[in-house]
Structure formats: C-alpha cells, structure tokens
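From first to last, the protein sequence lines are chains A and B. The opening residue of the first sequence carries number 1 in this note's numbering; numbering runs sequentially from there. The opening residue of the second sequence carries number 336 in this note's numbering; numbering runs sequentially from there.
Hints in this document: simulated from the structure, not taken from any laboratory. Take these hints with a grain of salt, some might be off.
[Unchecked claim] Listed below are the simulated DSS-like cross-link pairs for lysine-lysine, each with C-alpha atoms no more than 27 Å apart in a straight line:
#, chain 1, residue 1, chain 2, residue 2
1, B, Lys348, A, Lys129
2, A, Lys67, A, Lys13
3, B, Lys464, A, Lys126
4, B, Lys338, A, Lys129
5, B, Lys491, A, Lys3
6, A, Lys13, B, Lys479
7, B, Lys654, B, Lys491
8, A, Lys3, B, Lys461
9, A, Lys126, B, Lys348
10, B, Lys408, A, Lys301
11, A, Lys126, B, Lys338
12, A, Lys13, B, Lys348
13, A, Lys248, A, Lys67
[Claimed, not checked] Chain B is nowhere near these chain A residues, computed Cβ spacing over 12 Å in every case:
#, residue
14, Gly28
15, Pro31
16, Gly46
17, Lys67
18, Lys126
19, Lys301
For clarity, every value in this text was computed on a predicted model and none was experimentally measured. We treat Cβ as the ideally placed atom computed from N, Cα and C, and that holds for glycine.
Protein chains: 2
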Amino acid sequence: MLKGHQSWVFPSKPVILSTGTVVGPFEGKGPLAEDFDLIHGDLWVGQDSYEKAEKKMLEEACEIAVKKAGLQKQDIQFFLGGDLLNQIISCSFAARTMATPYLGLFGACSTSMEGLALGALLVESKAAKYLICGTASHNAAVEKQFRYPTEYGAQKPPTAQWTVTGAGMAVLGPQGQGPRVISATIGRVVDMGISDPFNMGSAMAPAAVDTLTAHFRDLDLSPSDYDLIATGDLGRVGHQIASDLLIKHNLEIPEEIFTDCGMLIYQPDQPVMAGGSGCGCSAVVSYGHILNKMKKGELKKVLLIATGALLSPLSYQQKESIPCIAHAVAIEHIQ
Amino acid sequence: MLKGHQSWVFPSKPVILSTGTVVGPFEGKGPLAEDFDLIHGDLWVGQDSYEKAEKKMLEEACEIAVKKAGLQKQDIQFFLGGDLLNQIISCSFAARTMATPYLGLFGACSTSMEGLALGALLVESKAAKYLICGTASHNAAVEKQFRYPTEYGAQKPPTAQWTVTGAGMAVLGPQGQGPRVISATIGRVVDMGISDPFNMGSAMAPAAVDTLTAHFRDLDLSPSDYDLIATGDLGRVGHQIASDLLIKHNLEIPEEIFTDCGMLIYQPDQPVMAGGSGCGCSAVVSYGHILNKMKKGELKKVLLIATGALLSPLSYQQKESIPCIAHAVAIEHIQ
C-alpha cells in the first residue's frame with residue numbers, strides 16, 4: 001500500500017458512500033449554501049453553549065451521512081474524528097452519541113483528510129466495512145479558546161482568517177456508488193518559524209507545499225493528472241504564498257485548477273479578512289461542494305490537501321513558533 | 336483483518352522492535368525504575384517550562400527507541416502519537432524534531448494503545464515498514480492544565496490519581512526480534528454519568544470492561560488465554576470496580592493475572608492516592624516493565640488495555656459527565 005516515502009495507494013478504491021454537512025448562519029449566506037445538507041439560522045444551534053453547538057452539529061452531520069448511505073447507526077463500525085477544541089471534546093461526545101468504536105484524531109484543520117486517509121486505509125485493509133470520519137469547528141467556540149470571545153469584538157489584521165462554523169462527515173465503505181478514495185499522502189510537520197496566530201495561512205503554506213511535492217514525487221504524478229487541487233484553509237494570503245513556493249519547487253499548478261476551501265466558502269463581501277479556516281472549512285467544502293461537483297460529472301479527479309496549524313494558546317504564550325502539517329487525499333469519480 | 340464487531344487480527348504479527356522509556360524523578364524512585372531507559376533527576380528536564388520538559392522526554396524516548404532498533408531516524412516512516420496537553424503540542428513538537436510524516440491521535444490515557452493498534456494496522460497492511468508510536472505525560476504540566484498548578488498544593492481526595500511523568504515510544508516493523516502484536520480491540524465511548532475529575536478510575540472502569548468483554552467475544556478467547564491482563568491507569572479504586580463489573584459480566588479474570596499499570600509504577604509508601612495515571616503511565620509500564628518481562632521469558636502472552644477519560648476542563652465546567660474509552664492490544668513473545 002505504501003508508495004514512495006509517505007503515500008498510500010488504495011487498489012480497491014474505498015467508496016465515499018455519503019456525506020453529511022451542517023453549517024452555521026454565516027456560511028449559509030455564502031456562495032456554497034446549496035451544497036450543504038443543513039443550514040442553521042442560529043449560531044447557538046439551540047444549545048446553551050457554543051461548544052455544545054459544535055457537538056450538536058457533528059451529531060447532525062453523522063445522522064445525515066448515515067441516513068443518506070442507506071445504513072443504520074449500528075452498521076457503522078468505527079468513528080474517526082477530531083476537532084480544534086481542547087481534548088477534542090466535540091468528537092468524543094459525538095462518538096458517545098454514535099456508540100461506535102472510536103479513534104480520536106488530532107491534526108488541527110488537517111483532521112478532515114487525516115481521518116479520510118486513515119478511514120480509507122481501514123476499509124482497504126478490511127479492518128472495517130463501514131466507518132464514518134470527519135470533523136467540525138464553531139466560530140465562536142474556537143475564537144474564544146484560541147483568541148478572544150467574539151463578543152469582545154477584538155480587531156484583527158487582514159491576514160487573519162474566519163473560523164468556519166460547520167461539521168462535515170463522510171461514510172466510507174468497500175463498494176457502492178460514489179466518489180472513490182484512490183491515494184493519500186501523510187504530511188510531515190513543517191515549521192518555518194512563523195509565530196503569529198493571526199497569520200496562519202502563511203504558516204501553513206509551506207506544509208501544504210511539502211505534502212504536495214511529496215504526493216507528486218511518491219506517486220509519479222503531475223498536477224495535470226487532477227481536475228482540481230484544493231488546499232484546506234490557507235486563505236488568500238496563504239494561497240498566494242503556496243503558489244509562489246510551488247513555482248520555486250518547479251511544481252507550478254495552473255491557476256484554474258488550484259484553489260483553497262477557505263477562499264470558496266464566503267462571498268467576496270463577507271467580512272472574513274483572508275478567508276475561511278477551521279477544521280470545518282475543508283470538511284464542509286470538500287464533502288459538500290467539491291463532492292457534489294464530482295457527482296454532477298463536473299470533476300473526475302481531485303486532490304484535497306487539508307492544512308493544520310498545530311499550535312496551542314500555551315505554546316504561543318511560551319514563544320514557540322507554529323508547527324504545521326498537511327495531509328492529501330486523492331478522490332476520483334468515474335460515472 | 337476485522338473480527339467480530341470491533342477487533343482486528345494481525346496475521347503477520349507486526350514486531351515491536353524496540354521501545355524507549357523516559358521517566359521523571361518520582362517514577363525513578365518507584366519499583367520499576369530498572370525497567371526504564373532514562374530517569375531524570377530533575378522534573379524540569381533542563382527546560383524552562385514543564386510543557387517543554389514533556390516534549391523533551393518524548394524526543395528522548397524516540398531517540399532511544401530508534402537507536403535500540405538499530406535504525407536511523409530517516410528509516411522511520413510515520414510517527415503516531417498524542418498526549419494530554421491541549422492540541423497535543425508535545426507530540427506535534429516531537430514529530431517536528433523527528434521530521435517524519437505524522438498522524439496525531441487523541442485518546443487521553445488510552446493513546447498508547449490507540450497508537451499501537453493503528454501502528455500494527457499500518458505495518459500489517461504494508462502501509463508502513465517502520466514506524467514509531469507512543470505518548471507522554473508530565474505531572475506538573477498536566478496537573479496545571481486540568482486541575483491546579485502543583486505549586487498551589489491543592490488537596491485531593493483518596494480516589495484521585497497521580498499523573499505519571501514519563502514518555503514511552505515503540506518502534507514497529509514487519510519482522511525481526513521482539514514481542515509481536517497479534518490483535519487489537521478498539522473501544523467505544525462509555526459514559527456512566529460520573530463527573531468528578533478526582534475519581535477517574537471509577538469513570539474509566541466501565542470502559543475497560545466494555546472493551547475487555549468485546550475483545551473476548553470478538554476473538555472467541557477467555558482470560559486464561561493470557562498470562563497477564565493489564566489495564567492502563569484505573570488505579571486501585573478503578574481496578575476494584577472493574578473486577579466487580581467483570582464478575583457481573585460473567586468474565587472473571589483471576590486476580591493473579593489481572594493488574595493495572597497505575598498500581599505497579601509507584602511504591603506503596605509513595606503518596607499517590609489511588610495510583611498512577613496519565614498518558615505516560617500505561618506507555619512506560621507497558622513498554623518498559625511488561626515488555627521486559629516478556630523478553631525475559633516470564634510472560635508469553637499479554638493483553639494491555641489503556642483507558643482514557645475524554646474530558647476537558649471546559650466540558651467539566653459545563654457540567655458534562657466524563658466520557659471514557661479503552662483500547663486493547665494483545666502481544667505475544669515466543670522465544
């Protein structure tokens with residue numbers, strides 16, 4: 001299954017049988033609204049804390065995904081997931097609700113693709129028949145934990161990004177209708193010494209480039225093998241840096257196929273500074289928008305690279321720089 | 336590979352080629368001191384924060400394990416790990432030092448066996464040749480984050496446990512000399528409504544029992560198939576509860592083969608209340624003491640069940656109960 005230094009090829013091509021995507025009101029006003037299964041009009045999602053709202057959205061995304069796959073909760077053998085909250089409480093509580101054997105993951109905003117890569121490995125190696133994987137973030141819960149409660153109205157520089165309120169889950173299985181996972185590249189921790197948590201895109205761009213170059217080298221592929229290459233949440237600033245770095249690595253990706261989930265999810269006039277971020281960003285854009293385009297026949301082969309900034313408020317206070325990571329998963333859909 | 340509902344059998348029996356165990360001064364005064372590779376006389380490990388001390392110990396454990404396996408750092412293809420600190424910063428920083436593709440995990444104190452189970456799956460499915468997995472905890476860093484800084488001298492009830500200062504890593508490979516991983520059972524989240532963070536053993540015992548019963552059911556085994564069955568860090572209180580619950584489940588484990596890493600690591604006169612806990616507890620006791628006994632021929636087949644309490648200080652403040660989990664890994668060593 002291993003190819004090259006850090007990539008996996010899945011000969012049986014595990015199938016993404018269904019997905020569930022749930023977003024908040026701000027994301028519901030974005031250009032991808034029609035791609036999401038459930039849009040909440042209320043940031044509290046009927047709960048009495050933002051953390052409970054994040055958990056609730058994860059539970060809803062699980063329920064939707066399992067139902068769309070035509071399965072029952074008890075058919076799902078494993079739950080693979082993680083989130084940005086300390087001790088990934090949202091996923092652990094959602095896994096409690098699912099009552100499914102649970103593998104907790106942490107890759108910050110790279111968790112969506114860490115889960116999909118590991119999930120595909122489980123199905124490929126017959127360690128699971130059906131499993132669910134995914135992640136979530138909630139703008140107000142994440143901002144409160146990593147920066148300031150949103151109610152404080154703290155100002156931010158234009159390099160900052162807007163944490164997506166959203167949960168995205170995918171059900172995988174060995175066969176059936178749907179886009180198929182064909183390969184994955186597991187990223188290394190890359191740290192270029194950036195320590196500004198209001199400039200995550202710049203911090204994460206080199207990790208995305210490291211994983212992209214590894215992917216193409218390990219699998220002997222070139223960008224033209226894909227119809228779309230989408231990073232997770234670099235935003236506009238990070239996307240430009242990644243594009244520039246790729247040219248330096250002699251791996252130019254044509255502009256028309258290279259995008260970023262954090263640049264797609266909001267309207268140009270939504271006040272999100274450099275774009276969207278958070279675990280939920282790549283999860284809902286990939287599992288909602290991009291897979292929908294594949295199912296419509298508009299895209300046949302895509303590469304998703306979710307990027308994560310592995311800092312904590314404490315590591316930042318202790319003057320550490322921001323270690324970053326990116327995991328890539330290739331998906332094809334031939335109808 | 337899947338057997339029953341939630342267990343994996345590894346026909347190729349991935350080998351634990353080597354381990355590295357590093358502990359603090361208090362653990363160095365315990366009865367297992369001779370089983371550890373490195374004992375620090377200073378809780379700061381020469382660093383200027385307890386968090387950096389935890390990271391340093393992880394790096395040392397990695398270095399020792401890789402060296403003992405007769406490998407170079409660049410031979411290791413993946414790093415699987417997690418810890419108790421917010422956003423698992425210790426592991427992410429250690430993975431940065433290792434410069435190895437990294438899969439961040441979170442299972443609280445069950446992380447040691449989550450990593451070993453997934454690591455064995457990667458080797459079994461040929462997704463990796465050599466990898467390293469493990470975890471760490473640091474008493475002062477963990478106490479500060481979850482409860483009060485140790486310097487405050489806050490009093491604790493007798494049901495509380497003492498977080499182990501220790502890092503344990505294992506190098507896995509497809510063949511070679513050493514104990515072999517033969518099966519694993521991935522646990523479900525079990526929550527019996529306990530919300531007292533000073534009584535984790537009681538909270539985690541039902542999760543251990545749930546995974547144990549699943550393991551024996553899935554693999555059609557009985558306790559007598561093992562020479563030793565060791566839970567991760569239930570401590571004395573949790574161990575008694577687990578023993579009682581097992582009898583209720585008609586799965587009595589004879590006293591002489593049923594133990595708990597949190598009961599083994601400290602002397603009876605060390606003031607640790609109900610026993611040891613923390614990610615590092617099961618990691619250093621399993622990878623130090625128990626595997627050493629296997630290598631000496633004293634144990635042939637053991638079952639390790641690392642238990643985790645998936646709470647965060649915030650979930651506790653929001654009056655949530657403590658969701659718990661346990662992952663089991665079976666190891667055999669036939670000389």
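Check the structure against each numbered hint from earlier and tell me which ones fail, lowest number first. 5, 6, 10, 13 and 18
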